[in-house]
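**Q** So the chains spell out like this:
Number of protein chains: 2
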Amino acid sequence: MSGRYEIRFAGSGGQGVILAAVIIGEAAAIFEGLHAVQSQAYGPEARGGKSKSEVVISRGEIDYPKATAPDLQIILNQTSCDEFVSETKKGGIVILDDTYVLSVPKADAEVFVLPIVKTAREKIGRELVTNMVALGVTARVLESLDLMKPESVKKAIMQRVPKGTEEMNDRAFSEGYELMKSKM
Amino acid sequence: MSGRYEIRFAGSGGQGVILAAVIIGEAAAIFEGLHAVQSQAYGPEARGGKSKSEVVISRGEIDYPKATAPDLQIILNQTSCDEFVSETKKGGIVILDDTYVLSVPKADAEVFVLPIVKTAREKIGRELVTNMVALGVTARVLESLDLMKPESVKKAIMQRVPKGTEEMNDRAFSEGYELMKSKM
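Chains as they are written, first to last, in my numbering: chain F, 1 to 184; chain R, 1 to 184.
Please note that a few of the clues may not be correct.
Because identical chains share one entry, a pair is satisfied inside a single copy or across any pair of copies.
Taking lysine-lysine and the BS3-like style, the derived pairs with C-alpha atoms no more than 30 Å apart in a straight line are [said to hold, decoys possible]:
#: 1; residue 1: K66; residue 2: K181
#: 2; residue 1: K50; residue 2: K183
#: 3; residue 1: K89; residue 2: K123
#: 4; residue 1: K163; residue 2: K90
#: 5; residue 1: K155; residue 2: K123
#: 6; residue 1: K123; residue 2: K66
#: 7; residue 1: K149; residue 2: K181
#: 8; residue 1: K89; residue 2: K163
#: 9; residue 1: K163; residue 2: K106
#: 10; residue 1: K123; residue 2: K90
#: 11; residue 1: K50; residue 2: K106
#: 12; residue 1: K163; residue 2: K183
#: 13; residue 1: K155; residue 2: K106
These aren't lab readings, by the way, just hints derived from the structure by calculation. These figures come from a predicted structure and were not determined experimentally.
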């Protein structure tokens with residue numbers, strides 16, 4: 001990895017974007033020996049139910065903890081898409097959910113539109129695991145860029161999810177991983 | 001509030017310090033109309049199972065998101081205590097748990113040693129709600145400093161905890177609030 005890699009998850013409240021970013025931070029630090037800073041900034045507009053969370057990973061210490069131009073954005077609703085897509089780093093990657101993002105903006109980045117929510121709903125039967133599908137997608141991106149092993153993300157998930165839900169979350173993660181693997 | 005107020009929760013993995021800080025951030029932004037940044041930084045030492053999370057709240061925009069000298073620290077184990085107490089802002093407040101912090105260091109701050117874990121275990125019957133007791137303690141500190149209403153913290157808790165556990169978490173919060181109210 002050359003320097004820092006910035007990831008942002010964005011969606012609506014309830015889509016679990018904070019947990020997704022926490023898990024990537026823990027995967028990076030605990031299972032890959034990297035530095036990571038995970039954060040969410042809220043202004044008074046937080047009342048609107050928008051939710052955003054970021055994680056910066058790096059081989060070295062991280063001076064500035066917020067994402068300035070995310071290398072990778074995973075965006076799960078239209079409002080967040082409208083607000084955030086343009087901030088993607090030039091040449092970066094944007095993943096959009098095809099259920100809640102209907103208008104796909106132009107971006108100076110590689111854009112993938114994937115059935116993340118639909119996979120959670122239809123393959124796992126629980127929209128609740130949308131963030132785990134998104135983590136599978138993210139894990140494949142990070143693997144293909146040689147930043148992190150999918151196994152590290154999976155281990156971090158297993159440390160975080162409630163006992164008894166491991167198998168469901170693991171399936172959701174694997175479905176997300178395969179979704180992205182068919183693209184890159 | 002004059003400027004920013006920095007809060008750090010620290011303990012071992014599994015004590016729920018990230019969720020505690022997320023809830024304070026959401027209480028501040030969603031129910032008090034404040035700005036908030038919540039973050040956790042991990043270095044390679046994250047393998048040790050130490051866990052730390054921070055939230056900065058402010059009436060205005062927050063330029064630097066990390067806590068530099070926390071105004072308030074809530075510390076739930078000895079390792080974190082040894083590492084972090086000295087970073088407390090001069091004249092700030094330190095809350096220590098009396099089960100896991102046995103050696104209480106000198107600090108240029110107001111130090112309270114409270115039965116947080118014990119309250120979770122004995123009054124609620126679940127050590128799992130340690131972070132909710134800690135949030136009750138925190139809510140009382142923030143109330144007494146006129147920074148936030150306890151009701152805002154409680155509403156943020158209710159948005160975050162799993163369905164069916166609201167009553168238990170509410171009781172843990174109230175016990176923590178009363179613990180601190182007997183002191184300040």
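**Q** Confirm or reject each hint.
**A** Each hint, compared with the structure:
For the homomeric pair K66 and K181, the shortest alpha-carbon distance inside one copy (28 Å) is at most 30 Å, but the shortest distance between copies (36 Å) is not. With identical chains, the CA atoms of K50 and K183 are at most 30 Å apart within one copy only, with a shortest distance of 28 Å there and 38 Å across copies. Proximity of K89 to K123 under the C-alpha cut-off of 30 Å is found in neither arrangement, the shortest distances being 32 Å within a copy and 51 Å between copies. When the C-alpha separation of K163 and K90 is checked against a cutoff of 30 Å, the pair qualifies neither within a copy, at 41 Å, nor between copies, at 42 Å.
Taking the shortest alpha-carbon separations for K155 and K123, only the intra-copy value of 22 Å comes in at or below 30 Å, while the best inter-copy value is 33 Å. Taking the shortest alpha-carbon separations for K123 and K66, neither the intra-copy value of 34 Å nor the inter-copy value of 40 Å comes in at or below 30 Å. In this assembly of identical chains, the alpha carbons of K149 and K181 lie at most 30 Å apart only when taken from the same copy (14 Å versus 48 Å across copies). Taking identical chains as interchangeable, the C-alpha atoms of K89 and K163 are never at most 30 Å apart, the minima being 38 Å within one chain and 38 Å between chains.
Neither within a single protomer nor between protomers do K163 and K106 lie at most 30 Å apart by alpha-carbon distance, with minima of 42 Å and 40 Å respectively. Proximity of K123 and K90 under a CA criterion of 30 Å is satisfied in neither setting, with 34 Å inside one chain copy and 54 Å between copies. Taking the closest pair of Cα atoms, K50 and K106 come within 30 Å of each other only inside a single copy of the chain (22 Å); across copies the shortest separation is 43 Å, beyond that limit. Within a single copy, K163 and K183 get their C-alpha atoms no closer than 32 Å, and across copies no closer than 37 Å, so neither meets the 30 Å cut-off.
Within a single copy, K155 and K106 get their C-alpha atoms no closer than 35 Å, and across copies no closer than 39 Å, so neither meets the 30 Å cut-off.
Of the numbered hints stated above, those contradicted by the structure are hints 3, 4, 6, 8, 9, 10, 12, 13, listed in ascending order.
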